[in-house]
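These protein sequence lines map, in sequence, to chains L and P.
The working numbering numbers the first residue of the first sequence as 2 and each following residue consecutively.
The working numbering numbers the first residue of the second sequence as -12 and each following residue consecutively.
Note that these hints are calculated values from the structure, not bench results.
Heads up, a few of these hints could be off.
[Claimed, not checked] Just a sample of chain P residues kept apart from chain L, beta carbon distances all over 10 Å, derived:
#, residue
1, Gly39
2, Gly69
3, Val97
[What the hints assert, rightly or not] Sample of chain L residues at the chain P side, in silico, Cβ under 8 Å:
#, residue
4, Phe40
5, Ser44
6, Leu45
7, Thr50
8, Gly54
9, His86
10, Ser90
11, Ile94
12, Gly112
13, Arg114
No residue lacks a Cβ here, since even glycine has one placed at the ideal position from N, Cα and C.
Given next are the chains, with one letter for each unit.
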Amino acid sequence: GAVVSQHPSWVICKSGTSVKIECRSLDFQATTMFWYRQFPKQSLMLMATSNEGSKATYEQGVEKDKFLINHASLTLSTLTVTSAHPEDSSFYICSARRVGAPNTEAFFGQGTRLTVV
Amino acid sequence: TQLLEQSPQFLSIQEGENLTVYCNSSSVFSSLQWYRQEPGEGPVLLVTVVTGGEVKKLKRLTFQFGDARKDSSLHITAAQPGDTGLYLCAGVPSGGYQKVTFGIGTKLQVIP
């Protein structure tokens, strides 16, 4: 199967610091990775789409300078939450689409619980 | 934005009971997916339905895509405690996965 791994699974950071979350496709190459945020009792909200070797496409309302996305290789995308604040506390999930896979298919990581104190 | 409404949002049933979860939209989707998500974990894909009227079975789970490709249902027969989780439907428009829309989810609890 296609495995997507996120690291860390959870992180607690102080307000004002930056946190980097990694999303790796372990056994396949991913041209596209998606970053979502999920608040309690709410559905997954797409934050941005990251394509290998190019700039990420951010959804409306998502600050690109606050949520830095880098997709430097076909197996790794990173999301950096800069100058984190308590309201950034959330569950962040990535998904990855395999090279050559149907346009309907993507596989999710296990998520990263970010708590900003 | 294409909206997906799921119902019910919460469901608590006894082991052995049957249940149906609905996913409705006013928009047409190219395909529709169902995921299950455990607390603190990412969603795991259960099924993708593509053709209007399509029915797919996964053990005790039966998924149906509406004829007009605007809605879907998930039916679980003889629910087990292991079925407990958050069930999410996701609509994939003709533009592809970049524009997938997730429902808010149905939180299912199966009591032994």
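Going down the list of hints, with the structure as the test:
Residue placement check: P:Gly39 keeps its beta carbon more than 10 Å from all beta carbons of chain L (closest about 15 Å). For P:Gly69, the requirement that its beta carbon stay farther than 10 Å from each beta carbon of chain L is met, with the minimum near 18 Å. Even its closest Cβ contact with chain L, about 20 Å, leaves P:Val97 beyond 10 Å, as expected for a residue assigned away from the interface. Look at L:Phe40: its Cβ only gets to about 11 Å from chain P, farther than 8 Å, so that hint breaks.
A distance limit of 8 Å between C-beta atoms decides the matter here; for L:Ser44 the minimum to chain P is near 4 Å, and the interface restraint holds. Because the smallest distance between the Cβ of L:Leu45 and any Cβ of chain P comes to about 5 Å, under 8 Å, the interface hint for this residue holds. For L:Thr50, the shortest C-beta to C-beta distance to chain P is roughly 5 Å, which falls under 8 Å, so the interface hint holds. Annotation: L:Gly54 was flagged as interfacial toward chain P, and the flag is violated, the nearest CB pair being 17 Å apart, outside 8 Å.
Taking 8 Å as the C-beta contact cut-off toward chain P, the hint placing L:His86 at the interface is violated, the least distance being around 22 Å. Taken as an interface hint, L:Ser90 does not check out: its beta carbon lies about 14 Å from the nearest beta carbon of chain P, beyond 8 Å. Annotation: L:Ile94 was flagged as interfacial toward chain P, and the flag holds, the nearest CB pair being 5 Å apart, inside 8 Å. Given the 8 Å rule on beta carbons, the hint for L:Gly112 holds: about 5 Å separates it from the nearest Cβ of chain P.
A least Cβ separation of about 7 Å between L:Arg114 and chain P falls short of the 8 Å threshold, and the interface hint therefore holds.
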